[in-house]
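Please take these sequences and the hints and turn them into a complete structure.
So for the sequence shown, the working numbering puts the first residue at 220; every next one is plus one.
Don't read these hints as lab results, they were simulated from the structure. Nothing here was measured: the structure is a model prediction, and the numbers come from that model. What you were told as hints is all true, and nothing was included just to trick you.
Derived DMTMM-like pairs: lysine to aspartate or glutamate, alpha-carbon spacing no greater than 20 angstroms straight-line:
1. K394 x E316
2. K231 x E300
3. K397 x E308
4. K436 x E317
5. K394 x E317
6. K231 x D270
7. K438 x E317
8. K436 x D306
9. K436 x E322
10. K436 x E316
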Amino acid sequence: MASPGTKDNATKARIINHMNSSHTSSLSRYLQHYSHLSLWKSHPARLITLDLNGLLLSCGGTETYRIPFNPPLNSLAETRERVVEMDKECLAALGREEMGITEFLPATGIWAVPFVAISCAFIAFSQRWWFAPHTLPHSLLGARFSNFLYAVQPYILAFMLFMHAWEGVYFMYYKLVKFNVNPRTRLFWLWTGTAFLEGGFAFMRFNGLVESKRVAKAKLMH
220 MASPGTKDNA TKARIINHMN SSHTSSLSRY LQHYSHLSLW KSHPARLITL
270 DLNGLLLSCG GTETYRIPFN PPLNSLAETR ERVVEMDKEC LAALGREEMG
320 ITEFLPATGI WAVPFVAISC AFIAFSQRWW FAPHTLPHSL LGARFSNFLY
370 AVQPYILAFM LFMHAWEGVY FMYYKLVKFN VNPRTRLFWL WTGTAFLEGG
420 FAFMRFNGLV ESKRVAKAKL MH
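Rendered as C-alpha coordinates:
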(Lines of atoms letter the chains of each structure in order from A; the text may use other names.)
(Lines give C-alpha, C1' and ligand atoms only; values in the text may rest on other atoms or scores of the structure.)
Protein backbone atom coordinates (compact mmCIF):
# COMPACT_ATOMS: atom_id res chain seq x y z
CA MET A 220 0.00 0.00 0.00
CA ALA A 221 1.31 3.43 -0.95
CA SER A 222 2.16 5.79 1.90
CA PRO A 223 0.32 9.14 2.28
CA GLY A 224 3.46 10.94 1.12
CA THR A 225 3.65 8.85 -2.04
CA LYS A 226 -0.03 9.52 -2.78
CA ASP A 227 0.47 13.25 -2.28
CA ASN A 228 3.44 13.26 -4.63
CA ALA A 229 1.43 11.44 -7.30
CA THR A 230 -1.48 13.85 -6.85
CA LYS A 231 0.87 16.81 -7.05
CA ALA A 232 2.45 15.48 -10.24
CA ARG A 233 -0.96 14.99 -11.87
CA ILE A 234 -2.02 18.53 -10.96
CA ILE A 235 1.21 20.05 -12.27
CA ASN A 236 1.03 18.13 -15.56
CA HIS A 237 -2.63 19.00 -16.04
CA MET A 238 -2.22 22.70 -15.32
CA ASN A 239 0.84 23.01 -17.57
CA SER A 240 -0.78 21.15 -20.46
CA SER A 241 -4.35 22.50 -20.33
CA HIS A 242 -4.52 25.65 -18.20
CA THR A 243 -1.57 27.88 -19.05
CA SER A 244 -3.95 30.80 -19.65
CA SER A 245 -5.19 30.45 -16.07
CA LEU A 246 -1.62 30.42 -14.77
CA SER A 247 -0.89 33.57 -16.75
CA ARG A 248 -3.97 35.25 -15.26
CA TYR A 249 -2.84 34.32 -11.73
CA LEU A 250 0.43 36.13 -12.39
CA GLN A 251 -1.33 39.16 -13.84
CA HIS A 252 -3.86 39.48 -11.03
CA TYR A 253 -2.08 38.27 -7.91
CA SER A 254 1.53 39.16 -8.80
CA HIS A 255 0.60 42.26 -10.86
CA LEU A 256 2.61 41.23 -13.90
CA SER A 257 1.87 42.61 -17.34
CA LEU A 258 0.13 40.53 -19.98
CA TRP A 259 3.41 40.40 -21.89
CA LYS A 260 5.60 39.35 -18.96
CA SER A 261 3.20 36.71 -17.64
CA HIS A 262 3.65 34.51 -20.72
CA PRO A 263 4.60 31.70 -20.92
CA ALA A 264 3.53 30.70 -17.41
CA ARG A 265 4.22 27.32 -15.83
CA LEU A 266 3.37 25.69 -12.54
CA ILE A 267 6.61 24.53 -10.90
CA THR A 268 5.17 23.04 -7.74
CA LEU A 269 2.41 23.46 -5.17
CA ASP A 270 1.63 22.68 -1.56
CA LEU A 271 -1.22 23.33 0.85
CA ASN A 272 -0.17 26.98 1.16
CA GLY A 273 -0.02 27.96 -2.49
CA LEU A 274 1.37 27.70 -6.01
CA LEU A 275 4.88 28.38 -7.24
CA LEU A 276 4.80 29.70 -10.82
CA SER A 277 7.44 30.74 -13.32
CA CYS A 278 7.21 32.92 -16.39
CA GLY A 279 9.72 32.87 -19.18
CA GLY A 280 11.59 30.11 -17.38
CA THR A 281 13.53 32.56 -15.19
CA GLU A 282 11.66 34.37 -12.41
CA THR A 283 9.41 32.56 -9.94
CA TYR A 284 6.34 33.86 -8.11
CA ARG A 285 4.50 32.52 -5.10
CA ILE A 286 0.69 32.62 -5.29
CA PRO A 287 -0.73 31.86 -1.82
CA PHE A 288 -3.93 29.97 -1.10
CA ASN A 289 -6.13 32.02 1.18
CA PRO A 290 -7.04 30.17 3.32
CA PRO A 291 -4.57 27.29 2.96
CA LEU A 292 -5.89 23.95 1.71
CA ASN A 293 -6.65 21.10 4.07
CA SER A 294 -5.51 18.59 1.45
CA LEU A 295 -4.37 18.54 -2.17
CA ALA A 296 -7.76 17.08 -3.09
CA GLU A 297 -9.14 20.61 -2.67
CA THR A 298 -6.79 22.03 -5.31
CA ARG A 299 -9.13 21.81 -8.29
CA GLU A 300 -11.97 23.65 -6.60
CA ARG A 301 -9.63 26.34 -5.27
CA VAL A 302 -7.82 27.06 -8.54
CA VAL A 303 -11.18 27.29 -10.34
CA GLU A 304 -12.36 29.85 -7.77
CA MET A 305 -9.11 31.79 -8.16
CA ASP A 306 -9.43 31.82 -11.93
CA LYS A 307 -12.98 33.15 -11.71
CA GLU A 308 -11.69 35.95 -9.49
CA CYS A 309 -8.94 36.71 -12.00
CA LEU A 310 -11.36 36.74 -14.94
CA ALA A 311 -13.62 39.23 -13.18
CA ALA A 312 -10.76 41.46 -12.03
CA LEU A 313 -9.03 41.49 -15.43
CA GLY A 314 -12.21 41.84 -17.48
CA ARG A 315 -11.61 38.63 -19.43
CA GLU A 316 -13.90 35.97 -20.81
CA GLU A 317 -13.69 32.40 -19.56
CA MET A 318 -13.49 31.19 -23.16
CA GLY A 319 -10.13 31.32 -24.89
CA ILE A 320 -9.61 31.59 -28.65
CA THR A 321 -6.88 29.26 -29.85
CA GLU A 322 -7.34 29.25 -33.62
CA PHE A 323 -7.03 31.61 -36.57
CA LEU A 324 -9.57 31.80 -39.38
CA PRO A 325 -8.01 33.13 -42.60
CA ALA A 326 -10.01 34.99 -45.23
CA THR A 327 -11.09 32.03 -47.34
CA GLY A 328 -14.28 31.35 -49.28
CA ILE A 329 -16.66 34.30 -49.34
CA TRP A 330 -14.35 36.17 -46.95
CA ALA A 331 -11.71 36.31 -49.68
CA VAL A 332 -13.83 38.83 -51.64
CA PRO A 333 -13.52 41.77 -49.19
CA PHE A 334 -9.94 40.73 -48.41
CA VAL A 335 -8.92 41.06 -52.06
CA ALA A 336 -10.97 44.25 -52.55
CA ILE A 337 -9.42 46.01 -49.56
CA SER A 338 -5.94 44.79 -50.48
CA CYS A 339 -6.39 46.22 -53.98
CA ALA A 340 -7.56 49.53 -52.51
CA PHE A 341 -4.46 49.76 -50.32
CA ILE A 342 -2.22 48.94 -53.27
CA ALA A 343 -4.02 51.39 -55.55
CA PHE A 344 -3.74 54.33 -53.16
CA SER A 345 -0.26 53.53 -51.87
CA GLN A 346 1.41 55.30 -54.83
CA ARG A 347 0.27 58.72 -55.95
CA TRP A 348 2.14 58.65 -59.26
CA TRP A 349 -0.11 55.83 -60.50
CA PHE A 350 -2.78 58.46 -61.16
CA ALA A 351 -0.41 60.91 -62.83
CA PRO A 352 -0.68 61.71 -66.56
CA HIS A 353 0.83 59.27 -69.06
CA THR A 354 0.28 56.23 -66.82
CA LEU A 355 -1.88 53.19 -67.53
CA PRO A 356 -4.42 53.96 -64.75
CA HIS A 357 -4.68 57.53 -66.08
CA SER A 358 -5.46 56.19 -69.54
CA LEU A 359 -7.98 53.64 -68.28
CA LEU A 360 -9.81 55.91 -65.83
CA GLY A 361 -9.78 59.06 -67.90
CA ALA A 362 -8.07 62.38 -67.25
CA ARG A 363 -10.75 63.96 -65.04
CA PHE A 364 -11.18 61.03 -62.65
CA SER A 365 -7.44 60.31 -62.56
CA ASN A 366 -6.67 63.94 -61.74
CA PHE A 367 -9.24 63.81 -58.94
CA LEU A 368 -7.70 60.64 -57.50
CA TYR A 369 -4.23 62.17 -57.81
CA ALA A 370 -5.38 65.16 -55.77
CA VAL A 371 -7.10 63.19 -53.00
CA GLN A 372 -4.70 60.21 -52.82
CA PRO A 373 -2.73 61.45 -49.75
CA TYR A 374 -5.94 62.09 -47.81
CA ILE A 375 -7.53 58.77 -48.75
CA LEU A 376 -4.38 56.85 -47.84
CA ALA A 377 -4.04 58.69 -44.52
CA PHE A 378 -7.71 58.04 -43.70
CA MET A 379 -7.42 54.35 -44.58
CA LEU A 380 -4.28 53.93 -42.47
CA PHE A 381 -5.83 55.77 -39.52
CA MET A 382 -9.10 53.83 -39.59
CA HIS A 383 -7.48 50.45 -40.04
CA ALA A 384 -4.86 51.16 -37.37
CA TRP A 385 -7.63 52.18 -34.96
CA GLU A 386 -9.56 49.01 -35.77
CA GLY A 387 -6.43 46.92 -35.26
CA VAL A 388 -5.70 48.44 -31.84
CA TYR A 389 -9.34 48.08 -30.78
CA PHE A 390 -9.31 44.47 -31.94
CA MET A 391 -6.19 43.74 -29.91
CA TYR A 392 -7.54 45.06 -26.63
CA TYR A 393 -11.27 44.34 -26.84
CA LYS A 394 -11.25 41.07 -28.75
CA LEU A 395 -7.92 39.25 -28.50
CA VAL A 396 -6.92 40.17 -24.95
CA LYS A 397 -10.51 39.79 -23.75
CA PHE A 398 -10.57 36.24 -25.10
CA ASN A 399 -7.18 35.35 -23.62
CA VAL A 400 -4.94 35.55 -26.69
CA ASN A 401 -1.50 36.63 -25.50
CA PRO A 402 0.51 39.18 -27.55
CA ARG A 403 3.58 36.95 -27.31
CA THR A 404 1.92 34.33 -29.49
CA ARG A 405 1.84 33.98 -33.27
CA LEU A 406 -1.95 33.68 -33.08
CA PHE A 407 -2.23 37.19 -31.66
CA TRP A 408 -0.39 38.80 -34.56
CA LEU A 409 -2.14 36.74 -37.23
CA TRP A 410 -5.48 38.07 -36.00
CA THR A 411 -4.11 41.59 -35.50
CA GLY A 412 -2.70 41.69 -39.03
CA THR A 413 -5.94 40.54 -40.63
CA ALA A 414 -7.92 42.98 -38.46
CA PHE A 415 -5.69 45.85 -39.62
CA LEU A 416 -6.17 44.91 -43.26
CA GLU A 417 -9.81 43.79 -43.31
CA GLY A 418 -11.30 45.89 -40.53
CA GLY A 419 -14.91 44.98 -39.80
CA PHE A 420 -14.80 41.76 -41.81
CA ALA A 421 -12.18 40.33 -39.42
CA PHE A 422 -14.42 41.37 -36.51
CA MET A 423 -17.34 39.47 -38.03
CA ARG A 424 -15.24 36.36 -38.58
CA PHE A 425 -13.87 36.48 -35.03
CA ASN A 426 -17.33 37.05 -33.54
CA GLY A 427 -18.64 34.10 -35.53
CA LEU A 428 -15.86 31.91 -34.14
CA VAL A 429 -16.69 32.99 -30.59
CA GLU A 430 -20.38 32.30 -31.10
CA SER A 431 -19.71 28.86 -32.57
CA LYS A 432 -17.64 27.95 -29.53
CA ARG A 433 -20.37 29.19 -27.19
CA VAL A 434 -22.96 27.09 -29.00
CA ALA A 435 -20.70 24.02 -28.88
CA LYS A 436 -20.10 24.53 -25.16
CA ALA A 437 -23.83 24.92 -24.49
CA LYS A 438 -24.55 21.64 -26.30
CA LEU A 439 -21.99 19.82 -24.17
CA MET A 440 -23.63 21.09 -21.00
CA HIS A 441 -27.03 19.63 -21.93
